[in-house]
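So the sequence shown is numbered by my numbering: it starts at 1 and just counts up by one.
Everything labelled a hint here was simulated from the structure, so no lab data went into it.
Errors might be hidden in some of the hints.
Mimicking BS3-like on lysine-lysine, the simulated pairs with C-alpha atoms at most 30 angstroms apart in a straight line are [what the hints assert, rightly or not]:
1) Lys219 / Lys122
2) Lys47 / Lys122
3) Lys199 / Lys245
4) Lys45 / Lys122
Pair ranges (Cβ atoms, derived) [to be verified]:
5) Asp260 / Ala51: 38 to 48 angstroms
6) Arg173 / Ala99: 37 to 47 angstroms
7) Ala232 / Glu261: 21 to 31 angstroms
8) Leu201 / Ala266: 38 to 48 angstroms
9) Asp260 / Arg127: 45 to 55 angstroms
10) Glu75 / Arg242: 48 to 58 angstroms
11) Glu246 / Ala99: 19 to 29 angstroms
12) Gly9 / Gln126: 21 to 31 angstroms
13) Glu246 / Arg127: 20 to 30 angstroms
14) Glu171 / Asp31: 32 to 42 angstroms
15) Thr259 / Ala4: 38 to 48 angstroms
16) Leu170 / Asn278: 39 to 49 angstroms
17) Leu248 / Pro130: 45 to 55 angstroms
18) Lys122 / Pro220: 39 to 49 angstroms
What you are looking at is a predicted structure, and each value in this text was computed from that prediction instead of being measured.
Glycine residues also receive a C-beta, built at the ideal position from the N, C-alpha and C atoms.
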Amino acid sequence: MSTAATIAGKVVVITGGARGIGYATARTLRDLGALVAIGDVDEAKVKESGADLGLEVYGTLDVTDPDSFTAFLDEVERRLGPLDVLVNNAGIMPAGRFADEPDRVTRRILDINVYGVVLGSKLAAQRMLPRGRGHIINIASLAGEAPTPGLVTYCASKAAVLQLTEALRLENRDSGVHFSAVAPTFTNTELIAGTQGAKGLRNAEPRDIADAVAGLIAKPRHRVSVTRVAGALVHLQYFLPRTAKEFLGRAFGLEHVFTDEVDQDARRAYEQRARGEN
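Work out the full structure: start from the sequences and follow the hints.
Printed below as a string of structure tokens:
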């Protein structure tokens, strides 16, 4: 069966769907015939994006608020039907040295990137498990396995998402509900504004991650890395001594890409929004 035939008619909710990877995923799945709903904490932007995509259901969603998340899923199921797929995509990536990170920002990263995914996964699983079908796809990051200076809390949050997803998969192996993680490399969205990415490797595009999500819905797997080359390099570290791993990190410029080599002017608008300063 083709990917489009598998996805057509499925009810899909995407968090953080107003821009970036979430928006690209919504567009791709819509084009494949899914019944897509997007939620985002940015009320003005999600209305703009939902209208642009021609979606029936879109609106404000705070992934850290159980009442907001529950109400959004209730509305989706009332208007579109039982939830088939939840894509936990909402996340933020403030950059800077750990010792300089305000406690408020640390908590905000963990609230959105970890608790938001935990909450979404739980609320979706409570609906899917009694039906014996469904798919929860969590957008993690290769940073969850590749420690990156300047992204200490972010790396920790994405490591948590990877472990959460794998534990859920094992706990519910025979339930009929699938749990998958997508681990992107540097992706050309606002999250990497003002940075250059890894030296010698191409950045992913939002559409690459969208295509990976579509592929997982069509043929469930526990995990996919985007790009494959970046994923292979990250997995290679498990077979290398620590000194070799650190040498590779330096060779790809990862020690400085989010610390000393950031164009602060180019990054300012994203940082302010990610940190909740506007």
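Right, here's what the structure says about each hint:
With a CA separation close to 22 angstroms, the supplied pair Lys219 and Lys122 stays within the 30 angstroms bound. Taking the CA atoms of Lys47 and Lys122, the gap is about 26 angstroms. The hint holds against a cut of 30 angstroms. This hinted pair checks out: Lys199 and Lys245 have alpha carbons roughly 15 angstroms apart, not beyond 30 angstroms. Between Lys45 and Lys122, the direct Cα distance comes to roughly 26 angstroms. Compliance with the 30 angstroms bound is thereby established for this hinted pair.
Between Asp260 and Ala51 the Cβ separation comes to about 41 angstroms, which falls inside the hinted range of 38 to 48 angstroms. For Arg173 and Ala99, the Cβ-Cβ distance of about 42 angstroms falls inside the hinted range of 37 to 47 angstroms, so the restraint holds. For the hinted restraint 21 to 31 angstroms between Ala232 and Glu261, the CB-CB distance of approximately 25 angstroms keeps it satisfied. Checked against the hint of 38 to 48 angstroms, the C-beta distance between Leu201 and Ala266 comes to roughly 20 angstroms, which is inconsistent with it.
Between Asp260 and Arg127, the C-beta spacing of about 46 angstroms keeps the proposed range 45 to 55 angstroms intact. Taken as a hint, the range 48 to 58 angstroms holds for the pair Glu75 and Arg242, whose Cβ atoms sit roughly 49 angstroms apart. A beta carbon spacing of about 20 angstroms between Glu246 and Ala99 agrees with the range 19 to 29 angstroms that was offered as a hint. The beta-carbon spacing between Gly9 and Gln126, approximately 23 angstroms, falls within the hinted interval of 21 to 31 angstroms.
Under the hint 20 to 30 angstroms, the C-beta atoms of Glu246 and Arg127, about 44 angstroms apart, miss the expected range. At about 33 angstroms, the CB distance of Glu171 to Asp31 agrees with the hint of 32 to 42 angstroms. The hint said 38 to 48 angstroms for the Cβ distance between Thr259 and Ala4, and at roughly 44 angstroms that hint holds. Taking the beta carbon of each, Leu170 and Asn278 are about 41 angstroms apart, inside 39 to 49 angstroms as hinted.
At roughly 46 angstroms, the beta carbons of Leu248 and Pro130 sit within the given window of 45 to 55 angstroms. Hint check: Lys122 to Pro220, Cβ distance near 19 angstroms, so the stated range 39 to 49 angstroms is violated.
Hint violations for this structure: numbers 8, 13, 18, all remaining hints satisfied.
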